[in-house]
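Q: Residues per chain, in single letters:
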Amino acid sequence: MRRGQNLAGWLFTAPAILGLGVFLLAPIILALWVSFRDWSALAPLGTSTPVGVKNYHDLLVRSGIVQTDFARSLRNNLYYVLGVVPAQTALALLLAVIVNAKLLRGKTFFRTAFYFPSVTSSIAVAFIFIFLFSPNGVINAVLSALLPGTVDTVWLNEADGVLHIIAGWLGIESGPSGGNIMGLSAWDWLSGPSIALTAVMILAVWTTTGTFMLMFLAGLQNIPEELDEAALIDGANARQRFFRVTLPMLRPTLVLVITLGLIGTWQVFDQIYAMTSGGPQKTTLTPSYLIYREGFENSAMGRAAAIAFILFVVILIFTALQRLVLRERD
Amino acid sequence: MGTHKWLFAASAILLIGAPACGGGDQNQGPQTLQMYAFSSSPAEDAALNAAIAAYNKLGRHTVNLSLLPEYDTALQTALAGGQPPDVFYVNDNKLPDLARAGALEPIGDRMDNSADFHESLVKSFTFDGVNYCPPKDFSTLQLVYNPDEFAAAGVQPPTTWQELATAAEKLTRPGRPGLAMNPEFYRWGVFLAQAGAWPTNDDFTAMTMDTPEMRQALQYVADLHRKGHAATPAAVGTGWGGEALGKGKAAMTIEGNWIVGAMKTDFPNVKYAVAELPSGPKGKGTMAFSVCYGVAKASSKRDAAIDFVKFMTQPEQQLAFTKDFPVMPSRRSLSDEWLSGKTELKPFVDGAAYARKSVFVPGFRTVIDTLNDGIQGLAAGNRTVDQVISTTQPAGKDVLGK
Amino acid sequence: MKAIRYLLLTTFSLIFVYPFVLALTTTFKSRADVAAHPVLPWPLDPSSRAWENVLVHSDFPLWTINSILVTVVATLLRLFLDSLAGYSLARLNWRGRSLVFGFVLAVIAVPPIVLTIPRFLVLKELGLLNSYAGLILPLAVDAVGIFIMKQFFDGLPRELEEAARIDGANLFQTFWRVMLPIARPGVITLAILSFQGTWNEFLLPLIVVRASPSHWTLPFGLSTLGRGGAGGQTFDYPVMLAGSMLTIIPLAIVFIVLQRFFVRGATTGAIKS
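Residue numbers (our numbering), protein chains in the order written: chain X, 21 to 350; chain W, 218 to 619; chain S, 9 to 281.
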């Protein structure tokens, strides 16, 4: 029996191992090799030439347009992560708590309504948002109704950073020059997300909240009712019960949601492709989009592969960091 | 067992889906050619389809056309994948990259009566002394405007920078600029040309961004935007200059021949006229864009492809193609005949005499990207001319090597 | 308190649902109508232009067929291969099992976007660019699916399996006739995750078949719709939205019919970490 299982075990997993090997492992090894070469992508791979660490050096060390663009993409994505992850987590938790209430009518409807955007095509949703954010679209109409005056922002064409705009209101028009890191001045690093990127962020929150809400719902349903009742008997009010009982019990789910959020937000691509193509003024350029642009538009496959590996490391660092932070509080 | 049937079906589907072997030799007889192209309007679609239908009817070979959006990237993906189409459009600004990478079969000198092609166009498709492909046709940029608005504002087509600034001001109404133009080198470049400025010197050995002429030109256009007399099409809620003009979101724009086909489709009732761009400090200036018929070096059907390109570049074909989609024929001998049917487009033809090309060296695209980024900043008012020059100059040095 | 709750729920429902409603009704508007009344959820001057454009004058029907083909084949392959591997890892005793499981766990961590260039290179070397196989094979196995199925089989009782073996069934028959049917809830969950993921997949067609319009699937075809003008920057909203609706609707139907499984899918899909 044992011998039969040895053979069957391998046989049963062989197609899967082959699939993962060919389409996951082999690609990574091949790309690692390409990331140390110069390949225009216009001619066969055989015509590429070895360049050592040049691609990585150009991205990280040597000042020039390659480095500045990469720095911009990191900055943009960093703001994207900082905005989207907390927003989607908080909103998902809020919706889960409300939908989870006992005796709520139309529970299924609400759950479906909130979750549905998560299952739809990213391109379709991006198109809907291009329409909503168009100059005479819904967003501007709603804002015009709520705010004094007429709002006619061309959202997807607005490159000014949100933090720069706020600084402008406070009378600060530019920062001290210098503080140059990777070709961007400190003032540029502190721009905040551009208005255009903010629109993409709103879309991201809108589409991902539903999935995370379901995860929180599953987490909430795993909390034994007795705990809540015990707290109720102890005279805790709703807010205390939420922060002292519910939230600690949801911790595993919270860790999960934030982890998935971090991994997902560092990979934003489809929406950028469909909505802004990295513009205006490179304020929606992200590392993922840069991989595509360098590889398929700028004929620099080696550099694109190098960006992919740096992005991989960035994602690993962020998830490790987040685990560390959440663990230490225990 | 049900499984086996099921697996068989699945693998059968995969096998059917697998690509047919691309190999084959330079065989004789009728071939099926794959062609990639792009189109800016239904009028252009129709012209191209008619030309291909005419060729297919001859029965020599059959051409299958794919019109691809985001053309340059799509073509590049096909080339990178090692399965390029047999024939494809090549934008002149892409030629140096494709030529250096060895993607093109040099066929420029194998056309009939190739001396008839405009010399400047042939130059655009020549790299390191090799003439790679015959020009298909070309377009130039000029000032396209709404004559009713000009009349209402009492404005004549401007002939100097000063007049353009005044006209733009007069045509500007609150929330609506007089001039709408895309924030990119391929539009702003006309003012660089008029000022005698250009990103590089003529033999592409040095960057020439940091010159008084360049500052003057960039500052002039930036000022038009700063005062609100000019704006980007996006800022007025439109996608490009033609749409801004068609929707009355601007009274003038800077566009090329393709605007004719697009206006016919999208805004058939909007009146417009074409005038030469104003002269700058160094006289007249505009930009010309051209496309050639490239044949893939990797194609196994090159002879058939060359036969097709010869057909497409014949005088009769060029005239037929450019009749309804009025780009200009690449053959000098056809200029007068082409113009006789559409004298209102004369400014586009006149531009050919003094137009500059956006053809540089392989890899220059990143420099243009950087310049475009700066130009967007100038149009939005969040960059200074100095900043644009100080980022573009080193970006270019990186590519030119000095 | 209750009032606030319902107010919040209603507001958020509106935020999540209204865009779809507006997008759907906008497809029946003329371009002038859209420009003049972009917020109104009904057309003033009903027009079928956008739908004609999409259904008759674009390759939408072709993209739909391609999408169905790719989604169905990839999902079937994935179900079969993932559950077979999952079963083997959960229930069979073999040397190297923990090594293979470690490999599966390791590749779960690889973010798909990082694979953009790598996959392109491998598919190119295999000659699979511009083919259905290139669209299907990379999606035919996934580490998360193997993991989900392994977890599922781990939780099933062993008695049935033993009974089947006593009856003389071989290992594959035991898996196929006995265990897979019991694992149906897990399989359905995986089917939904796979269906949804493959149907919406954009990056893979973008790099694999962009140069071959006859292989385009819905999301990539959709991304080319309704763009006009010299720079492709003029948006024909009714056409873009009609295409979007057609891409969303098939999934919406599946979603409504199989809703409870979707809910489970979303939560199981998450166990991976």
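Calculated directly from the structure, the hints in this document are not laboratory data. Accuracy of the hints is not assured; some may be wrong.
Said to hold, decoys possible - Okay, derived cross-link-like pairs now, DSS-like style, lysine-lysine, Cα gap no bigger than 27 Å in a straight line:
| id | chain 1 | residue 1 | chain 2 | residue 2 |
| --- | --- | --- | --- | --- |
| 1 | X | Lys74 | S | Lys10 |
| 2 | W | Lys387 | W | Lys488 |
| 3 | X | Lys74 | W | Lys614 |
| 4 | S | Lys10 | X | Lys127 |
| 5 | W | Lys274 | W | Lys527 |
| 6 | W | Lys340 | W | Lys488 |
| 7 | W | Lys340 | W | Lys501 |
| 8 | W | Lys563 | W | Lys574 |
| 9 | W | Lys340 | W | Lys574 |
What the hints assert, rightly or not - Far from chain S, by Cβ distances over 10 Å, these chain W residues were calculated:
| id | residue |
| --- | --- |
| 10 | Tyr253 |
| 11 | Gln300 |
| 12 | Asp345 |
| 13 | Asp440 |
| 14 | Val566 |
Since we're looking at a predicted model, the values are computed, not measured. We put the CB at the ideal spot given by N, CA and C, even for glycine.
Q: Work down the list of hints and note, for each, if the structure agrees.
A: Hints, verified against the model:
1. For a cut-off of 27 Å, the pair hint linking Lys74(X) to Lys10(S) is broken: about 62 Å separates their Cα positions.
2. The hinted pair formed by Lys387(W) and Lys488(W) meets the criterion: a straight-line CA distance of about 19 Å does not exceed 27 Å.
3. Distance check on the hinted pair: Lys74(X) and Lys614(W) sit about 17 Å apart at the alpha-carbon level, within 27 Å; holds.
4. Taken as a hint, the Lys10(S) and Lys127(X) pair is honoured in the structure, with Cα atoms around 14 Å apart against an allowance of 27 Å.
5. The hinted pair formed by Lys274(W) and Lys527(W) meets the criterion: a straight-line CA distance of about 15 Å does not exceed 27 Å.
6. Only pairs whose Cα atoms come within 27 Å are accepted, and Lys340(W) paired with Lys488(W) is rejected, the gap being roughly 36 Å.
7. With a C-alpha separation of about 21 Å, the suggested pairing of Lys340(W) with Lys501(W) holds against the 27 Å cut-off.
8. Proximity of Lys563(W) to Lys574(W) is assessed by CA-CA distance (about 19 Å); at most 27 Å being required, the pair is judged to hold.
9. For the hint linking Lys340(W) to Lys574(W), the alpha-carbon distance of about 10 Å falls within 27 Å, and the restraint holds.
10. Distance check for Tyr253(W) against chain S: the nearest CB is about 7 Å away, which does not clear 10 Å, and the non-interface claim fails.
11. With a minimum CB-CB distance of about 6 Å to chain S, Gln300(W) fails to clear the 10 Å threshold, and the non-interface call is violated.
12. Every beta carbon of chain S lies more than 10 Å from that of Asp345(W), the smallest distance being close to 27 Å; the non-interface claim holds.
13. Every beta carbon of chain S lies more than 10 Å from that of Asp440(W), the smallest distance being close to 24 Å; the non-interface claim holds.
14. Against chain S, the non-interface label of Val566(W) holds: every CB pair exceeds 10 Å, the least being about 19 Å.
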